[in-house]
Amino acid sequence: MSEPRKLLKGATGDWEVVVGLEVHAQVSSVSKLFSGASTTYGAGPNENVSLVDAAMPGMLPVINEFCVEQAVRTGLGLNAEINKWSRFDRKNYFYPDLPQGYQISQYKDPIVGEGEIEVELDDGSTVMIGIERLHLEQDAGKSIHDLAPDASYVDLNRSGVALMEIVSKPDMRSAEEGAAYFSKLRTILRYLGTCDGNMDQGSMRADVNVSVRRPGEALGTRTETKNVNSIRFVRQVIDYEARRQIEVLEEGGTIDQETRLFDVKTGETRTMRSKEDAHDYRYFPDPDLLPLELPDDLIERVRASLPELPDQKKHRFMDDLGLSAYDASVLAMDKDKADYFEAVAEGHDGKLAANWVTTELFGVLNKQGLTIKESPVSAAQLGKLVGLIEDKTISGKIAKQVFEHMLTDDQGKDPADIVEARGLKQVTDTGAIESAVDEVIAANPDQVERVKEKPKALGWFVGQVMKATGGKANPQAVNEILRAKLGVE
Amino acid sequence: MSIDEKTVAKVAKLARIALPEERLAPMTHELNDILNWVEQLQEVDVEGVEAMASCVDAVLPLRKDALAQDETGGGQPEAVTKNAPRTEDHFFVVPKVVE
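Chain order of the listed sequences is Y and R. If you count the first sequence from 1, position 436 lands on 430 in my numbering, and the numbers rise without skipping. If you count the second sequence from 1, position 55 lands on 355 in my numbering, and the numbers rise without skipping.
By construction, these hints were calculated from the structure, which means they are not laboratory data. Quick caveat: nothing in here was measured; it's all calculated off a predicted structure. Just so you know, not all the hints are guaranteed correct.
In the DSS-like style, the derived pairs of lysine-lysine whose C-alpha atoms are separated by at most 25 Å in a straight line are [as the list claims (entries may be wrong)]: (1) Y:378 x Y:394; (2) Y:448 x Y:419; (3) R:306 x Y:85; (4) Y:391 x R:310; (5) R:396 x Y:259; (6) Y:378 x Y:331; (7) Y:0 x Y:259; (8) Y:78 x Y:0; (9) Y:178 x Y:367; (10) Y:136 x R:396; (11) R:396 x Y:85; (12) Y:136 x R:382; (13) Y:394 x Y:367; (14) Y:345 x Y:386; (15) Y:102 x R:310; (16) Y:136 x Y:78; (17) Y:220 x R:396; (18) Y:394 x Y:345; (19) Y:419 x Y:345; (20) R:364 x Y:78; (21) Y:448 x Y:461; (22) R:310 x Y:85; (23) Y:331 x Y:361; (24) Y:345 x Y:367; (25) Y:220 x Y:136; (26) Y:391 x Y:407.
The shape of chain Y in the complex, shown without the other chains:
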């Protein structure tokens, strides 16, 4: 057995946390998995419900071809095995928002099998997390409990919407890894376009399985916390559950295998229902549906239409453009940011472009609470600014001034015009720099003596000359001329 990656300290020794996630991702389709009703969010009560979704007698499910393709597409994006033969089963349970009395799901033979994805952690390192399976299933409706004291209100608009349930292997070992996996999965889904990843609207949510064990021992009993709908909450659930379970076990108690709910207000989890009966779903093959056999050309057709995925992009940014793993990851993990960066870097130095995007631009966007799409400076403009630095028209320092103008009083203007209009062009005329250097040297005999003892004091002169030239002198030229005149090696 390999060494545990991460350990938590308890009162009586170390513990290892083991985490697995079941993520429900809504397929971005126009109509539902087995009916022609709309999937639009926010419609009036029971507006998007067909007689199939309401489980009226005699109605039969007919599968949505697009949803099948999206599941295959997602499977390929997760580097997973695609099963050309899969089958739908009925998962039986009773609840008012489940009119059929069962959910059509895939139990034994899912459409996608094992895969794995690369997950980035805060310190820039990566871990590989295994995917157990991906299957297609129907979402349930929604019960609203707070509209009346004596009744629950049922809206079936979500009933029958296509979900992909993506089950990870229990490969995560900390709250950070669980959150990072969830985040990476969202990035991949958004790149593929198979799920919009919109967690506020319930398009993506996770059931979080957590257990703890002493290092090297067999897996402990796990709890499952349902419907966690943000990356931050996934982290909180794992932190809370791990601490709670360690405390229970260290006090001599045992962990019940149970379903728990996360309370957003307190950041705690609590028992929802015991596992006893609730999970006896009595799966059996749905007699209304034949096995799903993928046509021979489907997988290859979908594969051919895959976009460049975040990991491929990240590695291309590192290998071809020379970006650091960190910068490459920050840019590649968000498609909009990656597109913006690529437009800036077009025809320019990749590293310089990455610096300007991740440091200067993101700094401003964060401060103003803007997304990359709302950036006041377009990628083309920022690219031109980078070009002006490269061809030495301006120094990096002046570029920051120009950037300020681009954000404020010169919005929308061409950086070259701003430089011209404001007279910010770098002075490369050595004659002009030389006379500025001469003036500084003549005015500061003490410093001239000092620099002979301490060559590092040269920096002071550079600063004075830059000041005298309004920052427009080429710093490299200033350095060279100063060294020559002061006799510093």
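Please build the complex by placing chain R on the supplied structure of chain Y, with the hints as guidance.
Positioned in the frame of chain Y, the structure of chain R alone reads:
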């Protein structure tokens, strides 16, 4: 194969079928009769025969991802809620379900 009364009671509960105490024994007997009858199939040698998932000689038909204008589409909350004992603003209203 046979099942006991406890299993029958559990299955009835999961299926939400009311099974009075006095029906438990006869029901268990009837179900065991059926199970025993089906068990005759165990005598068939299926060594090397692939499990069959369907006996219908057809492939699963696929639907285009489009909105339907008939009863298999939405936009008919009146029809959907028509048979419900209690509704409000097109919601189904059911006895309070407490989680």
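Are the Cα positions of residue 306 (chain R) and residue 85 (chain Y) separated by 25 Å at most?
With Cα atoms ~22 Å apart, residue 306 (chain R) and residue 85 (chain Y) stay inside 25 Å; holds.
For the pair we were handed, residue 396 (chain R) and residue 259 (chain Y), check the Cα-Cα distance against 25 Å.
At roughly 24 Å apart (the allowed maximum being 25 Å), residue 259 (chain Y) and residue 396 (chain R) satisfy the hint.
Sort out whether residue 345 (chain Y) lies within 25 Å of residue 394 (chain Y), counting only the CA atoms.
Holds: residue 394 (chain Y) and residue 345 (chain Y) sit about 17 Å apart, inside 25 Å.
Against the 25 Å threshold, does the CA-CA distance of residue 364 (chain R) and residue 78 (chain Y) hold or violate the hint?
Distance of about 20 Å is within 25 Å: holds.
Mind checking the alpha carbons of residue 448 (chain Y) and residue 461 (chain Y) for me, to see if they're no more than 25 Å apart?
holds, 22 Å
Between residue 136 (chain Y) and residue 78 (chain Y), is the straight-line Cα distance small enough, at 25 Å or below?
Given pair residue 136 (chain Y), residue 78 (chain Y) is violated - Cα atoms ~33 Å apart, limit 25 Å.
Does residue 345 (chain Y) sit within 25 Å of residue 419 (chain Y), going by the straight-line distance between their CA atoms?
Holds, because 23 Å separates the two Cα atoms, which is no more than 25 Å.
Distance restraint between residue 391 (chain Y) and residue 310 (chain R), which requires alpha-carbon spacing of 25 Å or less:
Not satisfied, since the Cα-Cα distance of roughly 76 Å exceeds 25 Å.
Residue 396 (chain R) and residue 85 (chain Y): Cα distance at most 25 Å?
Distance ~24 Å between residue 396 (chain R) and residue 85 (chain Y) Cα, so the pair holds.
With the threshold set at 25 Å, check whether the alpha-carbon distance from residue 220 (chain Y) to residue 396 (chain R) stays at or below it.
holds, 21 Å
Check whether the Cα positions of residue 136 (chain Y) and residue 396 (chain R) lie no farther apart than 25 Å.
Roughly 13 Å between the alpha carbons, so the hint for residue 136 (chain Y) and residue 396 (chain R) holds.
Is the Cα-Cα distance between residue 378 (chain Y) and residue 394 (chain Y) 25 Å or less?
This hinted pair holds, its Cα atoms lying about 13 Å apart.
In this structure, the earlier hints numbered 2, 4, 7, 8, 16 are contradicted, and the remaining ones agree with it.
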